[in-house]
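Trainee: Sequence:
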Amino acid sequence: MVQVDNGQIRVTKILVHPIKSCRGTSVREVRYTPQGLENDRKWAVLDSVENKILTARELPRLVLVEPELRCDASSPTKGKLVVTVRPDSGPVSFAVPIEPTPDMLSQWEIVSDTSLFDRSAQDAYIVQSLSRGGPSPSQILSDFLGRPVHLIVKGPTPRSCLPTHAFPTLKATAVFQDGYPVLFASEESLEAVAQAVNDTAKSGPDSPGALGKIGGMDHARWEKEKVPIERFRPNIVVRGAGTPFSEDIWEKVYVTPRGSNTKDESRSFTLVSRCARCLLPNVDPATGVRDA
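For the sequence shown, position 213 (counting from the first letter as 1) is numbered 213 according to UniProt numbering, and the numbering increases by one without interruption.
These are computed hints drawn from the structure, not numbers from a lab.
Even glycine gets a Cβ: it sits at the ideal position worked out from N, Cα and C.
Hints are supplied without guarantee of correctness; some may be wrong.
Per label pair, the in silico range of CB-to-CB distance [claimed, not checked]:
no.	residue 1	residue 2	range
1	255	147	35 to 45 angstroms
2	273	76	35 to 45 angstroms
3	169	91	19 to 29 angstroms
4	135	169	24 to 34 angstroms
5	167	133	18 to 28 angstroms
6	192	68	40 to 50 angstroms
Straight-line alpha carbon distances no greater than 27 angstroms define the calculated DSS-like cross-link-like pairs of lysine-lysine that follow [claimed, not checked]:
no.	residue 1	residue 2
7	202	52
8	202	171
9	171	252
10	202	226
11	226	13
12	52	80
Just need the whole structure built from these sequences, with the hints factored in.
Mentor: Right under this line is the structure:
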C-alpha cells in the first residue's frame, strides 16, 4: 500500500493544449468542464484526405505549432486563438475565434465523421480565420507540415469515452483528448523517470536491461539533462504524494482552496484509468524531432 500524505499534495502546474499534439501553455487558473479543462484539445489537425485526426506520434512537427489563447469575455467569440508557425522564411500567424458564433458556423464546412485511433471522433468544423483574405488556416498548416490538412474544431455531437474495467457503465465525453478529459501527473513520478534516464545514459548503450537499449538515445545529453514534464502532456501536475507513481492507484482527487480540508464533490475528479503512455514523450518539444 502506497502511503500518501494528502495534506501535503499541491497543484504545481496547469497545462492547456488548445490544439491536439501542438505546443501547450502553462496557466495559473482555468475553468473545468465535463469534457476537460476549458479549451484543452478543443481543436485538432485533420488529414484532409483520410479525415483522420493527426497526432505527433506520426507527425512530430506538430509540436512546433504554437497556439496562444487570448480570452476576452466581452467578445462575441470569447476572444481568439492565435496560431504561429515558424518556417525557414519567417514566422506566420493567424487568428481563429475561441467560440465561433452561429453565423460563423453556418458558413463553415462541417466534416461529418472524423476518426481518432480508428474510432469515430464524430463531427467537426473546418476552422476559418477571423481576418478576411490571405491563405486559410488549413493552407498555412498544410504548407508548414508538408501534407494536406485542415484545422478543425469539435462539432456538436458528443464523443463518448470508452468504459473501463472499474467503470463498465462510464458515461463521460471528451473533445479530442486520447481517452479521457483530464490527465494527472506527479512531479515525483517525473523525477523517477528522469533519474532512470540519467542512469541509463551514464551506463552507456551496452548496459544490460531494456533501458540500456533505448534506440537513438543521445547518452552524452541525457547524462545530466532532465526530462521535462511537457513531454508527457499532462493537464494537472501535483507534488507532495511522496512516492513516485502513487497517482496510479488514486481513485478520486478533491481540489480544495488553500487552508481548507473540506471535500466538495463538485470540486472532485474521479480517476477512471491509468495513462498508457505512448511514444509521444520521445519527441523533443523544442525541435519537433523524435530523439529516442
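Trainee: For each hint, tell me whether it holds in the structure or not.
Mentor: Right, here's what the structure says about each hint:
For the pair residue 255 and residue 147, the supplied restraint of 35 to 45 angstroms holds, since their beta-carbon distance comes to about 40 angstroms. Restraint check, residue 273 to residue 76: a C-beta distance of roughly 37 angstroms satisfies the suggested window 35 to 45 angstroms. In this structure the supplied range 19 to 29 angstroms is violated for residue 169 paired with residue 91, their Cβ-Cβ distance being about 48 angstroms. The beta-carbon spacing between residue 135 and residue 169, approximately 47 angstroms, falls outside the hinted interval of 24 to 34 angstroms.
Take residue 167 and residue 133: their Cβ atoms lie about 49 angstroms apart, and the range 18 to 28 angstroms is violated. Judged by the Cβ atoms, the range 40 to 50 angstroms given for residue 192 and residue 68 is violated: they are separated by roughly 32 angstroms. At roughly 40 angstroms between alpha-carbon atoms, residue 202 and residue 52 are farther apart than 27 angstroms, so this suggested pair is violated. Only pairs whose Cα atoms come within 27 angstroms are accepted, and residue 202 paired with residue 171 is rejected, the gap being roughly 47 angstroms.
About 16 angstroms separates the Cα atoms of residue 171 and residue 252, which keeps this hinted pair within 27 angstroms; it holds. About 13 angstroms separates the Cα atoms of residue 202 and residue 226, which keeps this hinted pair within 27 angstroms; it holds. With a CA separation close to 17 angstroms, the supplied pair residue 226 and residue 13 stays within the 27 angstroms bound. Taking the CA atoms of residue 52 and residue 80, the gap is about 25 angstroms. The hint holds against a cut of 27 angstroms.
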